[in-house]
Amino acid sequence: MTEEHAEAHEHTNYIKIWAILTFMLVLSILGPMIGIKWVTLIAAFGIAVVKAAMVGAYFMHLNIEKRYVWYMLFTALLFLGLFFFGVSPDVMKAEGSNWVNHNNMPVATEEVGHGDGHSE
Amino acid sequence: MSFQAPLATSRSVTGLPTGRLAIWWVVVSEIVIFGGLIACYVMFRLRHPEWGEYASHTSTPAGALNTFVLLTSSLSIVLAHQAAAAGNLVKSFRYIWCTIGGGGIFLLVKSYEWTTEISHGYTLFANNFWSFYYTATGLHGLHVIAGMVIMAIISIGVRKGEHLPRVEYIGIYWHFVDIVWLFLFPLFYIAK
Numbered sequence: 008m009t010e011e012h013a014e015a016h017e018h019t020n021y022i023k024i025w026a027i028l029t030f031m032l033v034l035s036i037l038g039p040m041i042g043i044k045w046v047t048l049i050a051a052f053g054i055a056v057v058k059a060a061m062v063g064a065y066f067m068h069l070n071i072e073k074r075y076v077w078y079m080l081f082t083a084l085l086f087l088g089l090f091f092f093g094v095s096p097d098v099m100k101a102e103g104s105n106w107v108n109h110n111n112m113p114v115a116t117e118e119v120g121h122g123d124g125h126s127e
Numbered sequence: 020m021s022f023q024a025p026l027a028t029s030r031s032v033t034g035l036p037t038g039r040l041a042i043w044w045v046v047v048s049e050i051v052i053f054g055g056l057i058a059c060y061v062m063f064r065l066r067h068p069e070w071g072e073y074a075s076h077t078s079t080p081a082g083a084l085n086t087f088v089l090l091t092s093s094l095s096i097v098l099a100h101q102a103a104a105a106g107n108l109v110k111s112f113r114y115i116w117c118t119i120g121g122g123g124i125f126l127l128v129k130s131y132e133w134t135t136e137i138s139h140g141y142t143l144f145a146n147n148f149w150s151f152y153y154t155a156t157g158l159h160g161l162h163v164i165a166g167m168v169i170m171a172i173i174s175i176g177v178r179k180g181e182h183l184p185r186v187e188y189i190g191i192y193w194h195f196v197d198i199v200w201l202f203l204f205p206l207f208y209i210a211k
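From first to last, the protein sequence lines are chains E and F. Everything in the first sequence is counted per the numbering used here, starting at 8 for the first residue and increasing by one. Everything in the second sequence is counted per the numbering used here, starting at 20 for the first residue and increasing by one.
If you are wondering where the hints come from, they were derived from the structure by calculation, not from laboratory data. Treat the hints with care, as some may be off.
[Claimed, not checked] In silico DSS-like links for lysine-lysine, alpha-carbon gap of 27 Å or less:
hint	chain 1	residue 1	chain 2	residue 2
1	F	K211	E	K100
2	E	K44	F	K211
3	E	K44	E	K100
4	F	K179	F	K110
5	F	K129	F	K211
6	E	K23	F	K110
7	E	K100	E	K23
[To be verified] Where chain E lies over chain F, by a calculated footprint (3+ residues, C-beta under 8 Å):
hint	region
8	60 to 74
9	79 to 90
10	107 to 115
11	166 to 174
12	204 to 211
Predicted, not measured: the structure shown is a model, and the values here were computed from it. Each residue gets a CB set at the ideal place from its N, CA and C atoms; glycine is no exception.
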């Protein structure tokens with residue numbers, strides 16, 4: 008146990024952080040009930056990011072962790088970003104400047120329980 | 020012949036204890052595993068708005084209950100770490116078992132959900148939405164089980180006052196499992 012972490016335990020009110028996280032959970036459930044798309048997106052995903060950041064910062068002690076750990080985490084997230092932007096055109100588009108993906112054309116009808124999610 | 024701890028367990032090139040460095044490497048590799056899966060789901064979800072209809076068959080109250088249970092179990096494992104740091108081994112042991120209990124409740128709720136969904140015909144191969152759903156929540160569930168088993172093993176050492184830093188290490192892992200669920204919840208239960 009490092010001194011920084013021991014000190015963090017003394018100064019952090021974990022129950023208060025848990026209460027804030029629970030309150031945000033309630034907001035993320037109530038937000039989408041309003042039925043406005045952007046409110047749903049912010050309530051669901053914006054709050055999820057904030058909750059994850061709070062768990063990381065206070066429960067995992069990232070707020071006092073060595074920079075080395077931050078470099079590791081950012082490297083993983085960077086590769087994840089590269090993966091997303093490298094693969095997404097293939098998945099999300101059916102055609103581009105000089106290519107057509109016949110497997111990714113929109114589906115006319117699809118039945119729950121039998122559909123494939125995308126055409127074959 | 021007496022046991023001598025390997026050099027790697029006592030040196031600290033990065034300024035981090037080796038055990039903590041190792042668990043952060045585990046977390047980093049898990050980010051790529053779960054992140055890759057979630058990124059693929061997001062791509063397909065944006066491409067197929069009709070998946071919102073499939074998502075309407077997942078139970079938001081059950082997902083919300085599980086989110087609450089995991090957040091609470093994250094609290095109990097950080098309190099176990101705090102108690103271990105303060106030398107209160109009994110309290111730390113109890114908090115660890117509260118966390119294991121939280122994992123158990125999570126799995127029970129998940130089992131109920133899966134049973135209901137499968138009985139309604141929404142199986143792994145029903146369509147790509149349900150394939151993603153069962154793969155992501157199943158992989159996450161396996162991580163919950165692994166965490167529970169490791170915590171049970173660590174609790175034996177805690178009772179004897181041995182290997183106390185392991186409480187912090189399993190805590191970091193458990194919080195990560197919690198964070199993954201914080202993203203799975205809106206993706207599969209809220210975005211309908």
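Hints, verified against the model:
no.: 1; hint: F:K211 with E:K100; in the structure: holds (22 Å)
no.: 2; hint: E:K44 with F:K211; in the structure: holds (10 Å)
no.: 3; hint: E:K44 with E:K100; in the structure: holds (23 Å)
no.: 4; hint: F:K179 with F:K110; in the structure: holds (13 Å)
no.: 5; hint: F:K129 with F:K211; in the structure: holds (19 Å)
no.: 6; hint: E:K23 with F:K110; in the structure: holds (20 Å)
no.: 7; hint: E:K100 with E:K23; in the structure: violated (45 Å)
no.: 8; hint: 60 to 74; in the structure: holds (count 10)
no.: 9; hint: 79 to 90; in the structure: holds (count 5)
no.: 10; hint: 107 to 115; in the structure: violated (count 0)
no.: 11; hint: 166 to 174; in the structure: violated (count 0)
no.: 12; hint: 204 to 211; in the structure: holds (count 5)
In the structure shown, a violation is registered for the earlier hints numbered 7, 10 and 11, in ascending order.
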